[in-house]
Each structure stands twice: as structure tokens, then as C-alpha cells.
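Student: Residues per chain are reported as follows:
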Amino acid sequence: MFVIWLLVISRTEMDKPETTLDTQMLEVNIGPQHPSTHGVFRMNVTLDGETVVRLKPAMGYLHRNHEKIAEGASYLASMPFTDRLDYICSMTNNLAYAIAVEKLAGIEVPERAQYIRVIMAELTRLVNHTLLVGFLLNDLGAFFTPTLYAFREREKILDLFEATSGARMMCNYMRFGGVKADLHPGFMEKLKEIVENYPRFLDEFEKLLTENEILMSRCQHVGILPKHLAVDASATGPLLRASGVDYDIRKVDGYSIYPRFKFRVPLGSVGDVYDRYYVRILEMRESIKILEQAMKEIPPGEFISKQGATGAKSPRTFRPPKGDAYGRIESPKGELGFYLVSDGTPNPYRYHVRPPSFINLTILEDMCLGCKVADAIIILGSVDIVLGEVDR
Amino acid sequence: MSYGLGILKGMSVTLKQFVESYTKKGSIVTVQYPEERREDVERFRNFPILVYDEKPEAPRCVACDICAKECPPKCITIVRDRDEQGRGLQKPKVFDIDLSVCMSCGICEEVCPFDAIFMDHQFELSAYDRMESLNYHQEKLLKPNSYLHQIRPTDATQIDAKLKAKEEAKKKTQPGTTA
Amino acid sequence: MERLDQLFVLLKKIILQFAESFLPAPLLPFLSILVSITAIAIFAPLTMMYLTWLERKVIGRMQNRFGPNRVGIYGLLQPIADGIKMLTKEDVIPLGADRVTHFLAPVAVVVPSLLLFSVLPFGRNMTAVNLDIGLLFFIAVSSIGTLAIFMGGWASRNKFSLLGAMRAFAQMISYEVPLVLSVVTVVMIVGSLSTEKIVEAQSGWGGLRWFVFTPWGFVGFMLFFICSVSEVNRTPFDIPEGESEIVAGFHTEYSGMKFALFYMAEFLGAFAYSAMAATLFLGGWQGPLLPSWLWFGLKTFCLVFTMIWLRGTFPRFRVDQLMSYAWKFLFPMGLSNILAAGIWYHTPFPLSFIFATWILLLSFIGLSRLNPTGTRLERRTYRFAE
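Residue numbers (the numbering used here), protein chains in the order written: chain A, 1 to 392; chain B, 1001 to 1179; chain C, 2001 to 2386.
Heads up, a few of these hints could be off.
[As the list claims (entries may be wrong)] Which stretches of chain B does chain A cover? Using the computed rule of at least three CB atoms under 8 Å from a CB of chain A, they are:
# : segment
1 : 1004-1012
2 : 1033-1047
3 : 1067-1075
4 : 1098-1108
[Said to hold, decoys possible] Subject to a maximum C-alpha distance of 30 Å in a straight line, what follows is the list of computed DSBU-like cross-link-like pairs (lysine-lysine):
#  : chain 1 : residue 1 : chain 2 : residue 2
5  : A       : K103      : B       : K1069
6  : A       : K313      : B       : K1140
7  : A       : K313      : B       : K1143
8  : B       : K1009     : A       : K156
9  : C       : K2328     : A       : K207
10 : A       : K192      : A       : K296
11 : A       : K207      : A       : K372
12 : A       : K192      : B       : K1024
13 : B       : K1170     : A       : K306
14 : B       : K1024     : A       : K156
15 : A       : K313      : B       : K1171
16 : B       : K1016     : A       : K289
17 : A       : K306      : B       : K1172
18 : A       : K313      : B       : K1055
19 : B       : K1025     : A       : K192
20 : A       : K313      : B       : K1164
21 : B       : K1074     : A       : K306
22 : B       : K1170     : A       : K313
23 : A       : K56       : A       : K68
24 : B       : K1024     : C       : K2057
25 : A       : K103      : A       : K289
No lab work stands behind these hints: they were computed from the structure. The beta-carbon is built from N, C-alpha and C at its ideal position, and this holds for glycine as well.
The whole structure should be built from the sequences, with the hints applied where relevant.
Tutor: Pasting the structure below:
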């Protein structure tokens, strides 16, 4: 009896081909309310157990109509709105917009202002990358320790921003043809302190993280972005460079006075999360070099050109000639560009932002397929997005 | 591969921070807010105030409406005061700033041709409702020039000098005709 | 000194003697049990409350901040404030949830972790119930909590909860194996499952006979500790509630006091496992000068501190890495540890030390080289473009 039963069982088991095993895919909405989507971002994920088989990013929850508002406002009035695109690095946003408008109106920028701009942009890069590494570790599951170390250092830079521009995050500091105000009296001493202490902090950070086996096993060979795919998807910034493509707009375009500085561009080899993490650490070290050089060379003089000063004082009279211009910079997240069309009125006729976060985000699915849920989260974290910039 | 040495290294970092938090002064960076406060920086900007020279009835503001036009989020409402005959006066009748809309960009201060509007340092402005109690009217916004000197000494002195020079230039060009 | 050492035992005796005067004799054993239970029922929640405080404080200090310092001096009343907050919070049961199971899960998760306390030897003569199979009881009861976690995850009718519950199950089944293997060595050497006997076996030689100072004991201790961190879902093994991935895992849909109960179970588990590790490998309540229960408390505190320290430092593993770490590293390590313990038992002293050390060292190096987490780790060099 028992044998027959066993036979029956084994027959039925054998007859069943593997594919008919009745399993269901689990469809999960990660976000818009989720601790690690960095804002209101939704990933529509289909899971086979824990493995991601489909991932659709859904954006637009933070859409604020930035571009259309800018078309109705004067050129200057859009400046504070650019702060709110990528709210972690408002200085570089300002810089990109200022460069675009300067191209459009043909405004010269005084030497000192250029140096101030470079200093601010590189400080912003430090802020962004430090913070990103901290948040990435949070996504990895660390209990806020790296994040708070990152915050601790970031605060020192934000103090500088506040003392110079008046606000910690929404700086609104650049103006067309210069900057809003000169560096405040104690700036250079504080900057020196930061530049001297930052490598030490990075060493400590690396000691905590870089060789940590858990971090290595979580990040290495996860979310690989091949070179060709990165180029095809027009990814920019550290994401692209981690895949081994040598493309840094500071070098390629040489905007502002970047050609004067000696710095190197770190490149990754595998293009996984670990490379993206480490390329950013190396980039910070290069930024410190730029800061050191800029600190030494900064000349005295005007912080804003005459034309720019009058434009800032009465924005209604600031009418760039008819035409269009595209200004781009290497923002910490990638290529940030502003495309402006002027029709000779005080308002831009067309105002378009090329946000690095948004465009880098488009390859999220390609990186995430076949990974685990936990990987999808850190891949998203390593792309480095700010939803203010993605949705605009 | 590396036998867990990286893990121990990481743990040494946190332990060091833990011990230093007791032994080394200044290693705890948080500011215990209501008791301690961060140093006030002169350029700090929060929300706008209106400045008057002698008395609040005669503010520097002439109701020219430039700030209201340039304000990016359009949080300023200005209505010009009129005398009995209905002629426009050089002062505002209504000057409202909706603090719940204001984004502290400081553009109003930059564009003001009469140096009447400035960004305040006061940031403790919590209120129980967001409609009326955060819509600041003229009376609440008006602050004496001495207050400006208090929060932003260098800027205020510069502006005073500038205004004085302007005044004198005005007197020179039209002596005695203003009476 | 002796009095101080036996303080709590004497207290209990006094209560019982007092009760003898008016209670009939058959009821006295029940009263004895009742006194022990009351002691545990008071001690356990207090421990949990102050462990939360300790964790926040320690992690705060590690992160360059003060931690709670508003309620009472040093924030000592913070747990009470938290408790009041938890009690007054709205209790939400999601629509479509299995209401009964949803309600029962937090209860079912706390009860086993309270039961764990009954076999812990808190000091000399201070085990609430001196079971002959104390260790077995501990291990058996501690795994019931997993079921409750699955109940909570399933009943919540939330995909994140479900994922968390599945993870919890997979993880705990895997980690139970090396946990038991690490304990087996102690049982082999002592020849008893009673926690009291295990502590007794480690007495003498001024603490050098603690099992942690033997090669197999050290490895066993590490294995036990790692597995217990995993069993109580703490970083770096907290994937069932991994808040950055699956929101809060199995307790996503719990609020108020029910959430607090899950939290309580975690902390009681952390405490109980630390206490057990101290009992098994660190000589339990033994130590010079100080009263025995204080020694026990100190050792447990050190282990709990280490758990908090781990939490303050590390990111978490991924699911598959966690599993392969258990099966490819901890499990074989536990087996070779048993071998080492056997050799230790049967060979005379200096030889046994050498043999056991070599076996363990070789298996550690060998297993580490086999990539226990399943990913090949590499140090990378980066090139720079000019």
C-alpha cells in the first residue's frame, strides 16, 4: 500500500514540469512614501521573491512648474528658484544659470568673481559628495552614523555659505556678471581650516567604510553600468566616470576658469556601486586640491561687473538681446545645463533645465534588473538624485 | 578574503568617537538650541522688515511697488496711501508680506531703490495658523533704523552714509524750493 | 559581603517566611514561583526601557551628539515619556488585515522573550527556575518569537510586512543551526544542560577557566554572539525590518503599544542572548570582590554594549549574503569547533591547546577564503585622467 502511494506520489511529482510551479510575482510600490527614495519618488517594482524583474520609475510628485514660472519672471527672479532644484548644491545651480545668462547677454565676469565662483562650486561638490556617501550608507542600512559624520563636516561648509551669502542652503548667491556680495572678512581663514581638515575627515570616513567587508560585499559587482550603456543613455557626472568614461565638463568645456587649475579626474573600472562610491571620495580629494590652488591665487578686485550690478539692481531693465544660449557646468551630480531663449524682453521666452539627476535616473531599470530589492535601493542611492531636480 | 579586519577598523572609528565625546571638548557638535544659540552672522537673511527713520508713520518705503513686482513668489502686497483728494502719497497704506509664501531670497532688499526693505534675523516666528497670523502687516513689519544697526551694523552704517549723501545732493540741487 | 551577594535570595526568603505565618503549606511553592515571576515581570520591562535609553545614548555619543537629554537628568526619564507616548498613540489596524492574528502577534512575540529570563542565572542561587535542561529550554523558547513575527507580517496584509516576515523566517532558521552548534561544545565539555552547572564548571583559576579563554570557547563565543545578534534582528543582520529597504519589515503596520511590544521583544532578546553568552562562555556570575549579580550584570552589559556598538557602525547584509554567510561560514565553523572541543576533551593540556587552535585557525582561514558572503571582494585601484 505504502509503496503504491509512494509510486503515485513520485509519478505525479515527476510529471509536473518545473515551469508550471505556481508562483506569483509580487508587485510593490517602493515610494512615494518610503524612507530611502530620497524624496517623493516611486519605483514600481515587480519582484520574483526578492529579485527585481521589472522596475519602472515614476516621477513627477514634486513637479513645481519651475520652467514655466521662469518664463513669466524676470531673469533674476529665477535665480532663487534654481536653488530649489537640487537643494543640496544650490551654489552650482546658481552658477550654471548665471553662466547661461551671461552667455546670452554677453556679460564679462571679473577675475575675483570667477575665483569666488570656483571656490563655492568646489565647496558644493564637497558638500554633495560627502552627503551622498552618508546617505548611501543609510540606504545600505547603517544606523545614521556615516550620515551624521557627513553632516558634521557639511555644517562647517554651510556655515561658510551662510556667512557669505546669507543662507545655508538656499544661497541665491551668484549674479549675472559676478556674485551677490564679496567674501566676508573671515572667509579665507575658515576656508583654510576646512581645506586642511577635510582630508583628515576623509581618511576617517574611509577607515570606517572603504575596507569594511560588509560594505564591500554589498557594493561590489552590484548595479553594474556598462560603458556603452552609460554613454548611450547620456549619463553624466560621477555615474558616468565610475563606468570608466573620461568625461568631465570642467575639462571638456573649460568653463569659468577651470583650465587654470591642476586636477585629475578619477575613473572607475567596473562601474558598480562601489566604484561610484569611491570615485566620489577621490573626486572630493581633487576638489580640495582645486580649493587650495584657488585660495592661493584669488586676486583682489571687483566681485561683480558694472553691467551685472545694474542688472541685479533693476531686473526689469535687464533685457538680453534676441537669441539663445546653453550654459552648462559639471555640477556634483553631472552635467547641469540651462537653455535659454530670449526675445528681447525682461523675461526669457524659453527656459529649459537639463537636470543630471533626471537623465541619470533613466537607466535605473537597466542597472537594477536581476538584483535584489536591497540592491535596487542602493543603486538608486548611488545614482545620486535629488527629487527637486528630477521633477522640477 | 580579508578576515574581517575592515570590520574591526570601522568599529575602532566609532569607539574613538564615543570615547572622545566624553574626553575631548568640542567633539559633540550639536547645539542645544533654546539654551545655546549659534552665533548670529551679519548677512543672515530670514524674512523682510520695513525700516523707518524717525517715526513709524513715515517709513522709508514710498510704495513704488518694485519689490512686489520682483518678488519671485509674489508674497508682497502693497497699496499706496492716498490723501483726502485721492492723490497718491509717498507711503504705503497696506504693506503685507505673507511669510508662509516668502522664500527668504532677499531679492526685495536688492532691488529696493530707497533702502527701505531689509532681511531680518528673527527666525522664531511660529504661529498657530498659517493664514492670518503669518500674513504680516505693516505695523508688525516696521522696525526702526536702530534695529537695523543692531542686526547688521556694517550694512546699516553704509546705507546711512549713502542716504545722507543723497539727501545733501538733493538739497544742493533745489535749495529752498521745497517749502 | 555574603549578605550583599545573596541580597535578592534573602529578600525572597524573608517574603516566604513572612507568608508562612498565614498561608497554608501547600500554597507556599506557588508563592515562591509568584515571587520569582513578579521579580522578572518587573525587571524585564525596566531592562527594556533602559536599554532603549542606553542605545540612544551610546549611538548618539558615537555620532557626535548627546542623545536624549531633555526629560530628566541625562534624559533618564525618556523611556517613561516614550512609554506614555506609545500608550496614547492611535492603534491602527489596516483594512483587510487579519484582525485576530494582527492583535495576537505582538503578544506572542513578547511572551517567549520573557520566558527566556526564567532560566538565566542572574547570580549565585539566583536562577528563577533551575531546570536541568535550561539551555535546551532557552534555545527552544527563543525560536518561538519567529513564529510571532511571521504572524505579524502575514496578518498585516502589507507587501513590505510579508517580505520582512519571509526574511525573518529564512534568516532565523539558518542562524539557529550555528547557534546550537556553538552551544553544543559547552554541553560536551560540561556534560550538563543546566545553566547553573555550566557556570559552576567555569569556576576557579581566577577566571582563567572561563570557556572563552579556550580556543573552542573563543570561537564558540564568537559564533554564539554573531548568531544571537542575528536572532534578535539587530544590525548588521536586521534584514527583517531593514528600514531602508522594506520600510519597517514585519512591523510596518503596527503602531502604538503593539509596536512597542515588538520593540520590547527585540531588546529583551538582546539582553537575554547577551546574558546567555555571558553564562556560557564568560563565567556567568563569577568574579572577585563584587556581588555575583553585579558581575553578571557587568558582563551582560558589555555584550549589550557591543551589540549597540555594532549597530552604530555597520550597514546591513543583503539577504542572500546573510544566508550564505550562515551556511558557508558559520555552520562549517561550528562543526570544526565541535571537533576542536572533542580533541580538547580527549588530549592532555598543551597538546590539546595546540591541536584545537590549529584546527580552528585553519578552518577560519580556509572558510574566509571561500568568500562566505558570496561576492568576491577586491581592493581596487583607480586610474586618473589628466
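Student: Check each numbered hint against the structure and report the violated ones by number, ascending.
Tutor: none
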